Amino acid sequence: MAAKHEELGLSAEQLLEMYQYMLSARMTDERMTLLQRSGKINFTVSCQGQEAAQVGAAFAMDTAIDWLAPYYRDIGLVLRFGHTLTDLMYSVFAREEDPNSGGRQLPGHFGGKKYRTITGSSPVGTQLPHAVGFALAAKMRGEQSVVLTTLGEGATNQGDFHEGCNFAGVHKLPVIFFCENNQYAISVSLKMQLGCENVADRGVAYGFPGVIADGMDVLDVYRVCKEAVTRARAGEGPTLIEAKTYRLKPHTSDDDDMRYRTKEEVEEAKKRDPILVFRTYLAEHGILTPFLEESIKKQIEIGLDEATAAAEQAAFAPPESAERFVYAEQ
Amino acid sequence: MAAKHEELGLSAEQLLEMYQYMLSARMTDERMTLLQRSGKINFTVSCQGQEAAQVGAAFAMDTAIDWLAPYYRDIGLVLRFGHTLTDLMYSVFAREEDPNSGGRQLPGHFGGKKYRTITGSSPVGTQLPHAVGFALAAKMRGEQSVVLTTLGEGATNQGDFHEGCNFAGVHKLPVIFFCENNQYAISVSLKMQLGCENVADRGVAYGFPGVIADGMDVLDVYRVCKEAVTRARAGEGPTLIEAKTYRLKPHTSDDDDMRYRTKEEVEEAKKRDPILVFRTYLAEHGILTPFLEESIKKQIEIGLDEATAAAEQAAFAPPESAERFVYAEQ
Amino acid sequence: MAIRTYIQAITDALDVEMALDDSVFILGEDVGKRGGVFSATAGLIEKYGEERVLDTPLSESAIVGVAIGASMAGLKPVAEIQFADFIFPAYNQIVSEAARIRYRSNNDWNCPVTIRAPYGGGVHGALYHSQSVEALFYHVPGLKIVTPSTPYEAKGLLIAAIRDPDPVLFLEHKKCYRLVKGEVPDDDYTLPIGKANVKREGDDITVFTYGLMTHYCLEAADVLAKDGISVHLVDLVSIRPMDQQAIVEAAERTGKVLIVHEDNKFGGVGAEISAIIAEECLFSLDAPIRRLCGPEIPAMPFSPPLEKYYLLSASKIAESMRELARY
Amino acid sequence: MAIRTYIQAITDALDVEMALDDSVFILGEDVGKRGGVFSATAGLIEKYGEERVLDTPLSESAIVGVAIGASMAGLKPVAEIQFADFIFPAYNQIVSEAARIRYRSNNDWNCPVTIRAPYGGGVHGALYHSQSVEALFYHVPGLKIVTPSTPYEAKGLLIAAIRDPDPVLFLEHKKCYRLVKGEVPDDDYTLPIGKANVKREGDDITVFTYGLMTHYCLEAADVLAKDGISVHLVDLVSIRPMDQQAIVEAAERTGKVLIVHEDNKFGGVGAEISAIIAEECLFSLDAPIRRLCGPEIPAMPFSPPLEKYYLLSASKIAESMRELARY
Ligand SMILES: Cc1ncc(C[n+]2csc(CCOP(=O)(O)OP(=O)(O)O)c2C)c(N)n1
Ligand SMILES: Cc1ncc(C[n+]2csc(CCOP(=O)(O)OP(=O)(O)O)c2C)c(N)n1
Ligand SMILES: [Mg+2]
Ligand SMILES: [Mg+2]
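Chains as they are written, first to last, in this note's numbering: chain G, 1 to 330; chain Z, 1001 to 1330; chain F, 2001 to 2327; chain X, 3001 to 3327.
Derived from the structure by calculation, the hints contain no laboratory data. These figures come from a predicted structure and were not determined experimentally. Misleading hints may appear alongside valid ones.
Covered by chain X, according to a simulated footprint, are these stretches of chain Z (three or more residues, beta-carbon under 8 angstroms) [stated by the list, open to error]: (1) 1123–1129; (2) 1164–1175; (3) 1199–1209; (4) 1321–1329.
Glycine is no exception: its CB is placed at the ideal position from the N, C-alpha and C atoms.
Hey, can you work out the whole structure from these sequences and the hints?
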């Protein structure tokens, strides 16, 4: 029997690249947490636990022609679409060079035309209709682009989720609604959020498939997303994907998750930490050696050091620039 | 084999009562259309084609303890919940005695505490969360009430449909979402409205049953609604019901439906006119004779004449009263 | 130049711009086969096809949200909200998204969307088909809001709105649709967003207004002229940006200011006009700044006498003008 | 009387009222187990149970819509919107529904719902966790809007809001939460909605403000007092209904008016205050009416120097006061 990745047509190099992205996301998050704790930056949103979901989805896309409308946890996704570690550091330090917003938005509010990443806001779910608009434009212009948009399971209860999905369903648009179900919307657990059991159950309401992926297994996410991309490019319309994950850290650096869940529950979840799961797979298939692992880590460390230093030294935008870009400038 | 209505535990008297309500709704609508054409009133919204859906649902409810949050076509429903023909005429004549609004709202915007009918507005779908709020209140107070709320299939694409249904699903509230799918949202046909095939397909997205009823068959609607009421009273939560109907008339007196559908299509639909279907059933079971039919019609005619006369003679609210009831008066 | 109604001018603008620019498309409820409930888009689906005249599901937030997305992708969507009263489900998309996309992305993205919405009363539309919504949006930086009162302005400004690189809320008083006629050039032309128009020159009192009320004010000014009172009438046309300079000049010209709008007074557009004057040229005033507006009630009732009670008219306005002139 | 922070006063009000009245309940995102992201509802689920402190799905329109329904059914819901910035998905329910239920039903139904929302900036909240939203609602007849600035007022007004038979939007400046402390009675008491409070008497200039800015204005007034300039300071407290009489009296008292708010100026609450004065007591004025407000940008940036640029401070206010006094 062929190994899972061989069935998916993924080479060892590609797997290592995936692992590198996952680890980069994780380590970036860890670094930001340290920076926040030491008072150097104000705020972080964690991606920990969701790296497989994000990287698996990212690798299914063609970053040269596809579009991304991400949500605030998507470090793994935006890295693959082009954000550099330095970009991410500019953002948490609120520096002028932050490509998302020039330091205007909170960290996690990704965007950047050059990265084919659509500017996002805080009110959850609003990005879905935008993604659908991009997909409509692609269809109208006969382009091959597919749009990937992501959100949390809590956000699937917003009206915009419903309206966006339905619009896409009616017009069979090339868009993928990718839900990272991490079991919590801040403190509110899945069963208090959703009337139904799975987010994927909602696809049928819009006439397209709703598919569950094991969000802790990057290869499973990749598989499911790849199928959705194929459908979309073939003109068969949208797919709703639910990647079942778990948020390993508090909601943001402002949150205290011990008010609403137990240490034990979190520890239990860590047994399926997506990085661990993938590392084990890679080791079992002789793709990752301890030595290689160390060198990848080292590389990322260096990258993070450089990025942090660059961002720390970089300037804020000038105060009066706050008045700019409300409207087009002549 | 027992007749359908016997299986449902309905007596011949009850059937006749149902028929009477259906016919009242139809004839009221016809009368209003005449009044509008002759310039006596400004505006009408037709219920024609949807009388079986409305009356079937109404008869499943206990009007002494249940609540109704209707939509603008529901003449058949509100009649059963207590609106009199005169009330309806007050409304189309915009008279002070209109129980819905004292002549402030357009016809079809039903409401009335004494009729356990919750005040409604024009923006579609907003009544759903309200209905859910009533159901929540009933549950919190341990009451037996069930809330029936209705809407068109077009309105199921509003965010409030989604948010209202989900809230009810999470808390397993005693509410019935009753969709009168008349195939059109003004000019937009079902397949341009809904990504999915049936409105009922949407129930699963909220963790409760989505059931289709033959909306042209009052007994089928009654059956499906009765089951939903039983579930709700037993604490088993909401049901989404889709009654498949057809709008036999233009959207409102302002509409010209020949711009977007054909006479042939309408004629074809009329073969299953719900009044015709039920009349045939009643005749086949020896419950309705031509003589009885005539006498029921006559009765309604008289009622409508009286109601029209009363409303025509009734006064408008005084102009300055427009300033009243923005807030509670001391 | 042909004589066109206000609504024909709207259709003309859409037609001209769709013919000139492939990236322009229309989306909304009943805009296709039905041609719009007011016929603003009549004939366009036949001419430009279903892809460019899109009948959408009944969901305003998606209509605006999808338009925003398509506009970021480089198209020029014109979204129709069937009645301005139904724009509120899309409020989040307009205020949190459209108005902030350029700002929040530090000029990386922009959102050239046009949102058309018929508003205003006097058509027996009752509480939810008669509302004025301008005051609920005009506080929002990042949005532009225009509401022309003549066919000529309607066409030129709608084309300008479509070409504008930022989101424009284009408000059409539905009572103007068939009531107001005027000369309209056949070809494409634009008028500047943000400019007020003096609709009548005068020396005794200055009146600021916009939309349908412009016509009522003109009528009232005619009446007053017979009594030798001359009215300087400014039609704002654009609510945001507001033509501050034109306001100050016109206020200084007569020293007596009346602001007229159909919408209710408290927190309405008139409040800002008044505040601009009180800030910029208070000592040029010879009378308190008056506002003549709809009453403080949630909306316009259906019942004809109540609707009439709500509405301003040329005679109510004339009375108010006369009072101010006498001051 | 105990010394309480602003946020404790909010919790106290909820606690007192829930204990007194079984029909009062809370609903919102994270209000239960988490006790609210600002801890406004901390401890209440333990005391009153899950049924009366309801953790809802992430859907603001349903939170408000369900609250409206429950209130029509006779309960007294207190809905929490986690940040005022996220109230817009519920805009339609608030404006089209809550505000119109009494009016449209001709007094048959009413809607005694309270909607709490933390607003305002200066907490590194960036574009979408810093906004002021009062001006986007205050034009709406049928709504009441309050925004107390002290713990004492917060408690008394929140209880009044809950008991009010009409919908009240209760806006809490989130920077006041822990910053502002004061004496608060233990038991239940109410303060009247619609009344402004004179926070300092003075004779040289009159300042109108509300919310957090009240404290900055007091600080500024202290500074000016040292230079012999005396400031008459009015805290509006209630935005709708607005205390027109108090405004006119205070404006007439000094003849020099400064209006201060954190929110941007154009079409903001200050516009109406100014318009009221320009309409009611123009000739008592010795100076143009000034407004000192946030800049015309969509919201407050995250970057600290940009945020600081946006924000007013006691010193910016003092400067503006001084200028006016010198006029
Ligand atoms: C419209 C809106 N309401 C409330 C919030 C505040 N908020 C931010 S994240 C969040 C929970 C989101 O949960 P989920 O969608 O599951 O995503 P997760 O954070 O778990 O990844 C809430 C309530 C918001 N950002 N937008
Ligand atoms: C939010 C909102 N948008 C638009 C409208 C205008 N409108 C009134 S009825 C209608 C179509 C409704 O279709 P459907 O829900 O299927 O009900 P039907 O009229 O067919 O019974 C539209 C678009 C409205 N009332 N509310
Ligand atoms: Mg989540
Ligand atoms: Mg329909």
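Hint check:
no.	hint	verdict
1	1123–1129	holds (count 4)
2	1164–1175	holds (count 4)
3	1199–1209	violated (count 0)
4	1321–1329	holds (count 6)
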